[in-house]
Structures are given as structure tokens and as C-alpha cells.
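K.L.:
Okay, here's what each chain looks like letter by letter:
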Amino acid sequence: MSAEVEEHGPGWTAWVRRRALRSFPPDQLLPDSQPVYVASWTYVFGVATVSAFLVVLGTGGILTLRGPAWWHASGFGHFINSTHLWSVELFMGFMVIHLWGKFFMAAWRGKRAMTWITGAVSFLASVGAAFTGYLTQQNLASQWIATQAKDGLNSVGIGAYFNVLDFGQMLMWHIVLLPLAIGLLIVVHVLLVRRHGVVPPLPLPDEKTPAPAAATSEAVQS
Amino acid sequence: MTSLARPTSSHRALDRDFEPWSGPKRPYDLVKEFTVALVVVTLLTVLLAALFSSPDEKAVTLGGWANAAPNDFVATAATELDGTSGSATYGAPYTHDKSAAQKIGPLAPQNWLGVTTPIDSVQDFVVRPLQGVPSTPDLTNALKVWTGASADQQQKWAAAYDDALAKAADNDPAQVAAGDYGPVPVMLNHLLTLAQSGGLDGALLAQGRFYQTDYTKPLLFIADGTYLEGLARDQHLGGDQWGMMNETGNYPGQAWLWLYTFWYQVKPFSTSGNADALVWGVMALLSAIFVFIPFIPGLRSVPKFIPVYRLIWRRYYREFDKPTA
Amino acid sequence: MQLGAQFVQAVNLNHPGRYVHWGVIQISVANLVVIAVMIAIFVLAILLPFPGRRRK
Numbered sequence: 001m002s003a004e005v006e007e008h009g010p011g012w013t014a015w016v017r018r019r020a021l022r023s024f025p026p027d028q029l030l031p032d033s034q035p036v037y038v039a040s041w042t043y044v045f046g047v048a049t050v051s052a053f054l055v056v057l058g059t060g061g062i063l064t065l066r067g068p069a070w071w072h073a074s075g076f077g078h079f080i081n082s083t084h085l086w087s088v089e090l091f092m093g094f095m096v097i098h099l100w101g102k103f104f105m106a107a108w109r110g111k112r113a114m115t116w117i118t119g120a121v122s123f124l125a126s127v128g129a130a131f132t133g134y135l136t137q138q139n140l141a142s143q144w145i146a147t148q149a150k151d152g153l154n155s156v157g158i159g160a161y162f163n164v165l166d167f168g169q170m171l172m173w174h175i176v177l178l179p180l181a182i183g184l185l186i187v188v189h190v191l192l193v194r195r196h197g198v199v200p201p202l203p204l205p206d207e208k209t210p211a212p213a214a215a216t217s218e219a220v221q222s
Numbered sequence: 001m002t003s004l005a006r007p008t009s010s011h012r013a014l015d016r017d018f019e020p021w022s023g024p025k026r027p028y029d030l031v032k033e034f035t036v037a038l039v040v041v042t043l044l045t046v047l048l049a050a051l052f053s054s055p056d057e058k059a060v061t062l063g064g065w066a067n068a069a070p071n072d073f074v075a076t077a078a079t080e081l082d083g084t085s086g087s088a089t090y091g092a093p094y095t096h097d098k099s100a101a102q103k104i105g106p107l108a109p110q111n112w113l114g115v116t117t118p119i120d121s122v123q124d125f126v127v128r129p130l131q132g133v134p135s136t137p138d139l140t141n142a143l144k145v146w147t148g149a150s151a152d153q154q155q156k157w158a159a160a161y162d163d164a165l166a167k168a169a170d171n172d173p174a175q176v177a178a179g180d181y182g183p184v185p186v187m188l189n190h191l192l193t194l195a196q197s198g199g200l201d202g203a204l205l206a207q208g209r210f211y212q213t214d215y216t217k218p219l220l221f222i223a224d225g226t227y228l229e230g231l232a233r234d235q236h237l238g239g240d241q242w243g244m245m246n247e248t249g250n251y252p253g254q255a256w257l258w259l260y261t262f263w264y265q266v267k268p269f270s271t272s273g274n275a276d277a278l279v280w281g282v283m284a285l286l287s288a289i290f291v292f293i294p295f296i297p298g299l300r301s302v303p304k305f306i307p308v309y310r311l312i313w314r315r316y317y318r319e320f321d322k323p324t325a
Numbered sequence: 001m002q003l004g005a006q007f008v009q010a011v012n013l014n015h016p017g018r019y020v021h022w023g024v025i026q027i028s029v030a031n032l033v034v035i036a037v038m039i040a041i042f043v044l045a046i047l048l049p050f051p052g053r054r055r056k
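Chains as they are written, first to last, in the working numbering: chain A, 1 to 222; chain B, 1 to 325; chain C, 1 to 56.
Quick caveat, the hints were computed from the structure, so don't treat them as lab data. Computed from a prediction, not measured in an experiment: that's the story for all the values here. Think of the CB as a built atom: it goes at the ideal place given N, C-alpha and C, for glycine as much as any other residue. Where hints are given, some of them may not hold.
Stated by the list, open to error - Derived pair list, reagent style DSS-like, types lysine-lysine, alpha-carbon separation capped at 30 angstroms:
hint, chain 1, residue 1, chain 2, residue 2
1, A, Lys111, B, Lys98
2, B, Lys267, B, Lys304
3, B, Lys167, A, Lys111
4, B, Lys156, B, Lys144
5, B, Lys267, B, Lys25
6, B, Lys156, B, Lys167
7, B, Lys98, B, Lys32
8, B, Lys267, B, Lys98
9, A, Lys111, B, Lys144
Claimed, not checked - Distance windows between CB atoms, simulated:
hint, chain 1, residue 1, chain 2, residue 2, range
10, A, Arg194, B, Val36, 15 to 21 angstroms
11, A, Phe24, B, Lys103, 47 to 53 angstroms
12, A, Phe24, B, Glu33, 16 to 22 angstroms
13, B, Asp240, C, Ala36, 22 to 28 angstroms
14, A, Val190, B, Pro307, 24 to 30 angstroms
15, B, Glu33, A, Ser23, 46 to 52 angstroms
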């Protein structure tokens, strides 16, 4: 296909392709280098959070194979339930540590407000997803959490359409709507990081902005 | 000027934080990092699950409740019948009493979406389940007397019995003083028998349908009593015990709810009848602030004033960020 | 296949929880451990050197 058709070809597909390539050139989408300041263990918690999310989805997927009551009667099912619980603890733990790091890096600088916002909303959505998970355990904890939480939600009117006492509704929110929402938010969040790059260091107080040292002729080898 | 704000158009300052990085880079294998992270997290999950398992305290049934605490069951049923139970006096979304709603200042959002899950505590929790029971002559008669009486008379009997039960030693129906309670004692005694046999669980859930996934009615009835709350408080799950964060046994709970539950422990929330609405309002505001930190002056400058960043990027500052002469 | 008997947890957390009281704060030992571990990991992540040859 000629370069001209590539650039100006008609149709929705070509438009989407052009926009995608312009926003995410392949070597920016999947780079194999990072700025030298990306050299701290604080940078691993984003990917740790995403990995934990995948394990949450995977263990949840196994639970769906045999249904919501399986884990009460089966030892293996109980083990899978345990993996689901602990992957959630890891997910929330890594996410919060990631959030602490990003806050202290003021990572919203350089027009990265949407990256912060998608991250913050993901956190809130995750709290909601975990909440619906606790509601659908079908044990004493679920009964208590439901009958308590209803008061908070009812007091502001939300309970009129989000009934925490309705197991069927809560289960569907937990396994369909909320994971989808979190997944989408994570995708947008990661794409924004790829698009804008990892935020540069804050300038030290005796400087205006970090002046990147003149690029050497070869990248620093690790 | 060291500023964390986006440059305004009047300054037309170059936002160096936005410009693509032109400085030195280092090799970084993203796919390998992701793969390692996934494997490590999976192994960690399996290890934690094998070491600690997960809690599973059995749910309370109406049958279990009625057998373990029959006096509490009958006392609760009496409050359903005279309309003084938590469910019966709740307001939206269960009943039509607009004055029952919690308020945030002058606003009562509890009422805005109306009654979407109507509960009639008399019919739903007592009369209809009893009407489904294969009857004995005394129950048939009691129900006939009840349904034949005026609403006022029904209320008189139910309220009188509720009061008498409250005064009886240990709320024991056998210790209730003599009085004019109409068919109420017989009805509640049959309801207790129905519950103890397990039949009330089915009756409250089924609601005339075969398939059912909505546990609203059984849960509201159980929560109107004190038995479930007693079990919960034993496990430190009560609202004033920071219970929202806790889990049964020795397990970690939803630790991330710490700020949500905190407000319930302190005044004015801890002594307010509007605590739920007020706490929700506060948390909604704080959540909005959290989401929009990048735009909030002062808050967005905190990282500059608590300079953790100098530790995070210390190697960069030392090796690459040489001040210009 | 009955796998139930093979999945036995090593540490039994199913006995009554232990709680720490400090003024208005009541927190379970379990939650306290989780939070303490998270803070420790964060501090370590900042302080531990990240692999990579130093530039001369």
C-alpha cells in the first residue's frame, strides 16, 4: 500500500489505524528502554498490581466453574476461594503502595492528570468490587456485611436500586460489571502511561526543572 | 519558579515534565518484568492460601435463630406485627414513611428514589407465611380472627403483646402477663414452630416463586432481631468496633475501609441518627478530593514539601542531574 | 476426586481475633500486620538499590 494511502486513506478503519499509530507508535507502546530515572523498586508496584488483578480474575474464573456455593462443600473449592481472597489482598496492597509512590512523585505533572484520575477511580471501583465479593460469600460475614451496608447505601438513596440484600444482583455486579469496569480503567491507565511516558523527577529545590544530562552517544547499559 | 502546576497560557512556559524525555535511557524489559511479576504474584497467592486458608463462618438461618434464641425470635416477630421493628420503621426503600429518612443538613436523599423494595412487615413476615402452613384448628381460627379484625384492633393486640413481652422475664412468651392480645400469641407461637422447622426460611425466600436469588426478606427479618448482631459483635464486626475493617476469626479484613469506618467512631457521627448519610457525604467529598488532587492547590504540592522524592530519585540526582554551571 | 482432605492450612486463623486498643482506635492484629508489612515494603522499595551498573 502506498505511503499516501496509509496517511490519507478513506474510511473509519484507516482513521482508527492512523490515530492509534500516532498516539502509540509501536516502539513507544512496547519500548525496551526507559529513562534512566526509572531505576527504583518503587516502580514495580504498578505491574505487581496488574499481575495480582489477573490472578484475581483467574482464581475467580475457577470459582465460576463450579458456582458460588462450591467452596463451602469442597476442600479444593475452599482452597481456590483462599487463593481468590489472598490475591485480592495482594491486589489491594500493591495498588495502595503504588498509589503512595505515585503521590510522592507527584506523578500527575506534565499533563498526566488523567493518569492519576483513572488510577484513583480504579481504586474506588476496586473497593466496590471487593465489597460485592464479600457480600456474595454466602456465609455469616456476608449476612452481616449486607445488613449493615444497606444502611449506608439506603441513607443516600443508592440502596433503592443497588440492593445489597439481593444475592443475585450483587453476584452479577461482582463477576461482570465491576471487573469489566476495572479492566477498562486499567487499560486506559496503562495506555496513558505509555503515551505520556513515565513522569520525570521533581526538580531539586536549587533548580528550575531537571535538566536531562546531554544524551550520551550510547544508552547507559544496565 | 519551582511549580507543580500546569503552565498557564500567559506564562507560555515550556512544561518540561510534558516534553518527551530527551535524556539518557536504560534498557528495560517490560514483557520480562510483567512475566516475572505474574509468576511471583501467583506463587505468593498459592503460598498465602496454603498457609492461611480463608474464613467461612456458617450463615445463620431463621431456623437456626429460632432454635438458638426462641425468645428473641418471638420478640422480633412481635415488633414486625405491631410495626415497630427496624424494617417496619425504616422508610425508603422499604416503607413509605418519609420522616424516617436520614438527612444531610436539609437534604434527605434517602427519599429521592422512593420505595423500590416494599416491605409490609405484618403481611410479609407473619401473616402470609402462616397462611401457607398446613393448618391446625387453633391457627386457622387465630388467622380468621386476625384478618376479620379492624386495622386498629390488630394494632392494639400486637402492641399490647409486644409491650408485655418486653416486660416479661427474659422476653419469655411463657412468662407474659395476662392481657388482651387477641390471636397474637397463637400466631407467633405457630410462627416460631414454622421457623424452628426450617419452613420460614423457605417461605420468606420463595415469595410464591420457584427460582429465587433475592434474600431481602429473610435478611431483613434476621437483622431486626438481636441474635445476628450478637454473633457479629462477638467477632468484633460491630459498627462501633471498627467492624467494617474486620473479618471473622484472626483474618485480615477490608483494611482499606479504615477511613470509612473511622468516622463512625467519633463525634458527631457516633451519636447522630444521621450517621450513615453524614459519613457517606464526608467520604464522597474526600473521594472526590482524592480523584482530583492534581487540580487542588496545596494538596498537589505536598510531595514537594514531604520530599520522599529525593530518596526515590537519589541515584538520578547524583549521577545524571548535574546542575548547569 | 475428593481433594478435601489434602488441603489443610498450616496456620489456623479461625480462632477469636486478637485486637489492639489505643484510645478510640481498635484494630485487629491481622490488619495491623498487613498495614505494617505494606509500609515496610514501601520503605524497602525506596531504600533498596535497584540493579543496574552505575555510570562511571
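K.L.:
Hint by hint, say whether it matches the structure.
P.N.:
Going down the list of hints, with the structure as the test:
1. Distance hint between Lys111 (chain A) and Lys98 (chain B) is unfulfilled; the C-alpha atoms sit about 47 angstroms from each other, more than 30 angstroms.
2. Using a Cα cut-off of 30 angstroms, the hinted pair Lys267 (chain B) and Lys304 (chain B) is violated, with the two alpha carbons roughly 33 angstroms apart.
3. About 68 angstroms separates the Cα atoms of Lys167 (chain B) and Lys111 (chain A), which puts this hinted pair outside 30 angstroms; it is violated.
4. Among the hinted pairs, Lys156 (chain B) with Lys144 (chain B) is consistent with the structure: their alpha-carbon atoms are about 17 angstroms apart, no more than 30 angstroms.
5. Taken as a hint, the Lys267 (chain B) and Lys25 (chain B) pair is broken in the structure, with Cα atoms around 53 angstroms apart against an allowance of 30 angstroms.
6. Taking the CA atoms of Lys156 (chain B) and Lys167 (chain B), the gap is near 17 angstroms; set against the 30 angstroms cutoff, the hint holds.
7. Restraint check for Lys98 (chain B) and Lys32 (chain B): the C-alpha separation of about 59 angstroms exceeds 30 angstroms, so the hint is violated.
8. With a CA separation close to 26 angstroms, the supplied pair Lys267 (chain B) and Lys98 (chain B) stays within the 30 angstroms bound.
9. Using a Cα cut-off of 30 angstroms, the hinted pair Lys111 (chain A) and Lys144 (chain B) is violated, with the two alpha carbons roughly 74 angstroms apart.
10. At roughly 19 angstroms, the beta carbons of Arg194 (chain A) and Val36 (chain B) sit within the given window of 15 to 21 angstroms.
11. Taken as a hint, the range 47 to 53 angstroms holds for the pair Phe24 (chain A) and Lys103 (chain B), whose Cβ atoms sit roughly 49 angstroms apart.
12. Taking the beta carbon of each, Phe24 (chain A) and Glu33 (chain B) are about 19 angstroms apart, inside 16 to 22 angstroms as hinted.
13. For Asp240 (chain B) and Ala36 (chain C), the hinted distance range of 22 to 28 angstroms is satisfied, since their beta carbons lie about 24 angstroms from each other.
14. Between Val190 (chain A) and Pro307 (chain B) the CB atoms are about 28 angstroms apart, so this pair conforms to the stated range of 24 to 30 angstroms.
15. Distance hint check: the CB atoms of Glu33 (chain B) and Ser23 (chain A) are about 23 angstroms apart, inconsistent with the given range 46 to 52 angstroms.
In summary, the structure is inconsistent with hints 1, 2, 3, 5, 7, 9, 15 from the numbered list given earlier, while agreeing with the others.
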